[in-house]
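Chains A and B, in that order, give the protein sequences. For the first sequence, the working numbering assigns the number 1 to the initial residue and increments by one for each residue that follows. For the second sequence, the working numbering assigns the number 1 to the initial residue and increments by one for each residue that follows.
Treat each hint with caution, since some may be false.
[To be verified] To give a feel for the contact side, a few chain A residues facing chain B, derived at Cβ under 7 Å:
no.	residue
1	V138
2	K139
3	D171
4	H202
5	G203
6	H220
7	L306
8	D307
Simulated from the structure, these hints should not be mistaken for laboratory data. Quick caveat: nothing in here was measured; it's all calculated off a predicted structure. By construction, the Cβ of each residue, glycine as well, lies at the ideal position given by its N, Cα and C atoms.
So you can see what is in the structure, the chains are spelled out below.
2 protein chains.
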Amino acid sequence: MSIVVVGSVAFDSLKTPYGVRERVLGGAATYFSLSASYFTEVRVVGVVGDDFTPEHEAVMKKRGVDTRGIQHADGKTFFWKGEYGENVNEAKTLQTDLNVFGSFQPQLPAEYLNSDFLFLANIDPVLQTQVRDSMPDVKLVGGDTMNYWIKDHRANLGDMLKRVDVLLINDTEAKMLADDNSLPRAARKVLERGPKALVIKHGEYGATIFFRDGQFAGGHHPFRAPALPLEEVRDPTGAGDSFAGGFMGYIASQGEVTRNVLKHAMFYGSVMGSFSVERFGTERLQSLSREEIDERFGMFRELTHLD
Amino acid sequence: MSIVVVGSVAFDSLKTPYGVRERVLGGAATYFSLSASYFTEVRVVGVVGDDFTPEHEAVMKKRGVDTRGIQHADGKTFFWKGEYGENVNEAKTLQTDLNVFGSFQPQLPAEYLNSDFLFLANIDPVLQTQVRDSMPDVKLVGGDTMNYWIKDHRANLGDMLKRVDVLLINDTEAKMLADDNSLPRAARKVLERGPKALVIKHGEYGATIFFRDGQFAGGHHPFRAPALPLEEVRDPTGAGDSFAGGFMGYIASQGEVTRNVLKHAMFYGSVMGSFSVERFGTERLQSLSREEIDERFGMFRELTHLD
Chain A
1 MSIVVVGSVA FDSLKTPYGV RERVLGGAAT YFSLSASYFT EVRVVGVVGD DFTPEHEAVM
61 KKRGVDTRGI QHADGKTFFW KGEYGENVNE AKTLQTDLNV FGSFQPQLPA EYLNSDFLFL
121 ANIDPVLQTQ VRDSMPDVKL VGGDTMNYWI KDHRANLGDM LKRVDVLLIN DTEAKMLADD
181 NSLPRAARKV LERGPKALVI KHGEYGATIF FRDGQFAGGH HPFRAPALPL EEVRDPTGAG
241 DSFAGGFMGY IASQGEVTRN VLKHAMFYGS VMGSFSVERF GTERLQSLSR EEIDERFGMF
301 RELTHLD
Chain B
1 MSIVVVGSVA FDSLKTPYGV RERVLGGAAT YFSLSASYFT EVRVVGVVGD DFTPEHEAVM
61 KKRGVDTRGI QHADGKTFFW KGEYGENVNE AKTLQTDLNV FGSFQPQLPA EYLNSDFLFL
121 ANIDPVLQTQ VRDSMPDVKL VGGDTMNYWI KDHRANLGDM LKRVDVLLIN DTEAKMLADD
181 NSLPRAARKV LERGPKALVI KHGEYGATIF FRDGQFAGGH HPFRAPALPL EEVRDPTGAG
241 DSFAGGFMGY IASQGEVTRN VLKHAMFYGS VMGSFSVERF GTERLQSLSR EEIDERFGMF
301 RELTHLD
């Protein structure tokens with residue numbers, strides 16, 4: 001089954017201890033689309049400027065991603081410049097030019113509206129709510145957000161939280177959103193505000209999914225997927241969006257959404273995140289095979305399974 | 001099979017968001033002994049002062065711990081006063097009185113010398129080396145250390161590292177010991193200095209065991225055990241020593257030391273750590289049953305196992 005993703009398409013200039021890249025293709029919707037494309041049919045909604053060429057679009061098309069929802073606006077594409085030091089878990093933002101993304105109004109092509117799954121990448125929660133309400137019949141909605149919206153757009157974010165089935169955020173965001181320093185307590189508080197499940201991403205320590213009681217067949221205890229202990233994290237940019245792509249893509253590829261499907265989705269999310277950080281930008285996500293993905297899935301299983 | 005543990009016996013004054021306790025029984029060897037006592041026969045080596053009463057010793061004796069190796073010296077028992085804030089992962093030390101522990105010279109009773117397993121809790125690496133060399137025929141030696149020894153006693157610590165089979169430390173200590181901010185790289189560097197396996201404890205994110213190539217039957221890939229997402233961590237004191245007690249105690253209870261045994265030991269370590277923090281001091285560790293332990297082992301399995 002197909003999935004619609006709405007979010008940023010961008011150019012990133014990146015500096016990590018492993019090197020420098022100028023203006024490579026990035027953005028949450030891009031990472032998500034490429035990652036999810038290994039599991040299901042992906043339809044992307046975003047906005048780009050006149051510096052976005054057919055060659056850039058071809059990166060997604062080659063992976064079978066439907067790009068009819070990418071609007072072309074006058075001006076420049078969203079640009080982000082960031083740097084990672086020794087601690088790859090923390091990005092230092094050097095420059096953010098919203099450009100055409102600053103006035104983004106998501107438009108869903110009519111052909112997208114029959115999709116069963118939807119992912120709202122990190123954009124203004126007002127827009128997330130609009131998009132979600134324009135697809136009332138989807139089977140499952142996933143969503144992301146960030147510090148900026150949590151701090152200063154609480155009410156709008158509250159509306160959005162009532163409309164997502166699974167929220168995917170990181171430790172810091174979960175604690176900030178719930179105003180609680182205990183992750184398990186924060187998880188419970190966030191679930192009380194709407195989502196049926198909450199995925200908290202712990203970076204190199206993996207990710208945990210918390211369930212609201214009685215929401216998915218198979219129990220409500222949390223479930224944790226590990227991350228791969230990688231000696232060389234070349235570029236952590238997009239790891240979270242790649243996780244979300246693997247997670248949602250796998251769910252969309254399955255007939256029904258059970259606890260068991262969500263558990264496997266956690267592992268596939270971790271798998272895709274681990275690939276993403278091995279090379280700069282979306283490079284690794286462009287050239288995978290399903291065999292490589294399933295082989296790594298086996299490694300993840302080994303990492304945490306008792307005989 | 002029996003295990004000898006050498007380390008501190010102490011009184012702790014504790015303050016956490018859940019309350020205050022004055023001068024409760026603590027110390028690495030105490031937490032370790034109580035935790036390991038659910039798996040195997042434990043023999044403890046330590047030193048106490050004249051404020052340590054038969055009632056204190058009875059806490060260990062009731063759990064079947066052999067306390068003949070506890071020396072009684074003139075003066076007061078090691079005292080630690082600490083406080084935990086909102087972030088339970090960080091203790092703030094308010095007072096440390098080494099007292100009789102400051103001139104501790106471990107003496108192993110003759111009856112201990114036939115033990116097959118040894119755990120060197122966090123004490124001066126010179127003493128750790130002496131004890132280890134006095135038991136040349138043990139099957140497996142586990143060891144702990146801390147920032148203080150890593151910073152200023154590098155050479156002595158190097159001697160100790162050559163003599164332990166499994167080192168158990170936390171993230172910060174591993175990075176400091178290897179002088180490397182990548183945990184997987186740090187693990188490899190630490191393993192090059194002696195240990196056959198390295199357990200890195202990640203607090204609420206669980207723990208990972210890294211193996212030196214070819215050291216244990218069954219492969220050398222790392223293995224990760226989760227931690228339980230606990231809403232109420234009443235007192236994190238001794239969590240690492242309780243982990244070590246479950247880990248080493250389980251190993252000592254098994255006939256041979258294989259990768260599979262070490263993987264299960266990681267889960268039992270996490271289980272015992274999770275019990276320890278539920279109540280203040282060693283309270284929870286004094287009153288467990290093997291049934292409760294195995295039930296929680298099942299919860300840990302559920303937390304990370306795919307069907």
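Evaluation of the provided hints:
Given the 7 Å rule on beta carbons, the hint for V138/A is violated: about 26 Å separates it from the nearest Cβ of chain B. A cut of 7 Å between beta carbons decides the hint on K139/A: the least distance to chain B is about 22 Å, and the hint is violated. Hint on D171/A is violated. Least Cβ distance to chain B is approximately 9 Å, over the 7 Å limit. Against a cut-off of 7 Å between C-beta atoms, the interface hint on H202/A holds, since the closest Cβ of chain B lies about 6 Å away.
Checking G203/A against chain B: minimum C-beta separation of about 9 Å lies over 7 Å; hint violated. The restraint placing H220/A at the interface with chain B is violated, with a minimum CB-CB distance near 11 Å, outside the 7 Å limit. For L306/A, the suggested interface contact is upheld, since its CB lies about 6 Å from the closest CB of chain B, less than 7 Å. This hint holds: D307/A has a C-beta 6 Å from the nearest C-beta of chain B, less than the 7 Å allowed.
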